[in-house]
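Chemist: Here's the letter readout for the chains.
2 protein chains.
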Amino acid sequence: MSPPYTYLDLVNQVDSFPNAILHPVRHAERLTALKLFTSGSHTLGYMHDPIFEVLKTTAAHERSEKGYDHWVITANTVSIKGESVEERSRNIKKTLDHWREMKTFEVCSGKGWRNELYPVYSPNGELFLEMERSAACLFGVVQYGVHMTVYVPGATTDDMRIWTPTRHATKSTYPGMLDNTVAGGISSGMTAWDTLVKEGHEEAYLEESLINEKAKCVGSVSYFYERDANAGGESGLLQPEVQYVYDMAVGENEVVPKPNDMEVENFVLMPLAEVKKNLEEGKFKPNCAFVLIDFFVRHNIITPETEADYIEICSRLHRALEFPLCRSPAAKKHVHAHHV
Amino acid sequence: MSPPYTYLDLVNQVDSFPNAILHPVRHAERLTALKLFTSGSHTLGYMHDPIFEVLKTTAAHERSEKGYDHWVITANTVSIKGESVEERSRNIKKTLDHWREMKTFEVCSGKGWRNELYPVYSPNGELFLEMERSAACLFGVVQYGVHMTVYVPGATTDDMRIWTPTRHATKSTYPGMLDNTVAGGISSGMTAWDTLVKEGHEEAYLEESLINEKAKCVGSVSYFYERDANAGGESGLLQPEVQYVYDMAVGENEVVPKPNDMEVENFVLMPLAEVKKNLEEGKFKPNCAFVLIDFFVRHNIITPETEADYIEICSRLHRALEFPLCRSPAAKKHVHAHHV
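In order, the protein sequences belong to chains A and B.
Those letters in the first sequence? Residues 1 to 340, by our numbering.
Those letters in the second sequence? Residues 1 to 340, by our numbering.
Heads up, a few of these hints could be off.
Because identical chains share one entry, a pair is satisfied inside a single copy or across any pair of copies.
With a Cα cut of at most 35 Å, we get these calculated DSBU-like pairs of lysine-lysine [what the hints assert, rightly or not]:
id, residue 1, residue 2
1, 216, 258
2, 216, 283
3, 214, 277
4, 283, 214
5, 66, 56
6, 216, 198
7, 216, 277
Think of the hints as simulated: they come from the structure by calculation, not from any bench.
Whenever a hint applies, use it, and build me the whole structure from the sequences.
Modeler: Here it is as structure tokens:
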């Protein structure tokens, strides 16, 4: 596929793993080349067969050379032993540290290693284990993030401008591509809101008070991404993902996001027509394009009158994932209680 | 299930047919009790077995008594003969007219018959046939509609009020329940926008100029509904559905929707807290509750901080349906062309 891209092309690039409802045959065919990372009768993620084979070798090595035995491996499943979150997390860490040391996988070796723990949830929506972020896509577990679009509304929709950063040319993932104003992954123990505030400060130098006042969560998007070379590490790694989506409308001179670390080269207040052109030309990081398409739908920029694939796009932006998902901790029982 | 309902309860009431991704075993079990309405290798809708048996009897009667033979029926599929949209529509009409005359199914007899044609699409997104609206749920084909929320924003979100109609006590479907400000099904040959303007006038006496100026399409929601007794006709009929969703923000005294036909008893400008209470108590027509939950997500009324099932709700509001869907006629090739 080459530019110019349609909106559906851009959705397809991110939600690229076959969907069991829309393409059941392709989905089934793909599964035959995969193994399962499981907990009891539940599948937490899909693993490519070569990764599964490496894990078998590592587990044998751990048993014979290191004196521990943390994996249960069948013909087509792997699961990690442990009676608690802490024990399971400790057990998987030993294997991942070994892979890091041996440079087994590029994605979690050298500067690929993030030294950041990501949560994996069990079917009841509670934490099941924590694992090194860069290894999550080896096990194909669901990852979580936040994306915020900071924009200056115009007299008409066409006059809208969006604060758009360019990723630093030295970044290991998607160097030089355009990004959402604020975006980042949710580490274990952090809420979506904590992450938004942290990334807003780190990436765009936005004040916490401003985020508290103006950032609004307006949904979540979800997709099942097969990573390409630009993602860093091996190609084809599996990354089902949920992004909490935030909008922040600001006045023209109210906020000027500034690079605050080495993540971002610069920010420009980009006119909507230019954002569209850059989308069409494939200049946005793929999942940022995905989030912008959701923004365009909600802001009546993509409409049923102009977009033949409107219904498919609206549905694909919110893919149902076949893995256990995070349930927020602040559960309240009834609708009305939410109002408190 | 009885009140008070959570938001997820309300979603479950509307998106009630098992989802192949989230509940593959329940989905497969349900399919064993169904037959398929097909076109070639594609499934256009699911049919309950007793309906399939009636169709076999009717087709045999048509062949022996009326001299025509419009159905191809196998052990588990039915398809309608015809080389064109017109021919297929004419053929299915003969069977449906017979059922109406014989009062075979309550849903499309007597005052159930709508005398309105609904479109069924083929896998390329083009019109495949037109059929009587009230019979669509016998064949389980996808139906399309529009829902608009007309609201008066407040100083804070909590001060928002929503123009809420009560359905007339004499309506055959969901009598006396609360509804969205404007809602209606899309007939064959009508666009979503045409339908919004027509229903806005018929149901709420809104001027076309006002709708043109202020109504914004902000997405589509989709679900697979198994009809209950309140829907009119037989219970359990299958209704996969897509609703184009519109928002219209108005000033306090700018618009006063008025009943313009026998659909609506009255409109009230309902404070948000009261809308929530009525949702919790199950007083909204189920798919109107579904659309309001999407409104609540987009307007930051339901948030990840207050709703444990946030991710599931966002995904379930946009279910991927396993049937061919409408593609809008106004297709443009590239992202940038949409800007024209």
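Chemist: Checking residue 214 and residue 277: alpha-carbon separation at most 35 Å within a copy, between copies, both or neither?
Modeler: both (28 Å within a copy, 27 Å between copies)
Chemist: Reference check for the pair residue 66 and residue 56, CA-CA at most 35 Å: within, between, both, or neither?
Modeler: For residue 66 and residue 56, only the intra-copy Cα distance (15 Å) is at most 35 Å; the inter-copy one is 69 Å.
Chemist: For the identical chains here, do residue 216 and residue 258 meet the 35 Å Cα criterion within one copy, between copies, both, or neither?
Modeler: both (21 Å within a copy, 33 Å between copies)
Chemist: As a check of your reading, is residue 216 near residue 198 (CA-CA no more than 35 Å) within one copy, between copies, both or neither?
Modeler: Both. Shortest intra-copy (16 Å) and inter-copy (33 Å) distances satisfy the 35 Å Cα cut-off.
Chemist: For residue 216 and residue 283, with the copy left unspecified, which applies at a CA distance of at most 35 Å: within, between, both, or neither?
Modeler: both (26 Å within a copy, 28 Å between copies)
Chemist: Between residue 283 and residue 214, at a C-alpha cutoff of 35 Å, which is it: within one copy, between copies, both, or neither?
Modeler: Classified as both: same-chain Cα gap 28 Å, cross-chain 33 Å, threshold 35 Å.
Chemist: Could you place residue 216 and residue 277 in one of the four classes (within, between, both, neither) given a Cα distance threshold of 35 Å?
Modeler: Answer is both: 26 Å inside a copy and 23 Å across each meet the 35 Å cutoff.
This entry satisfies every hint, going by the numbered hints stated previously.
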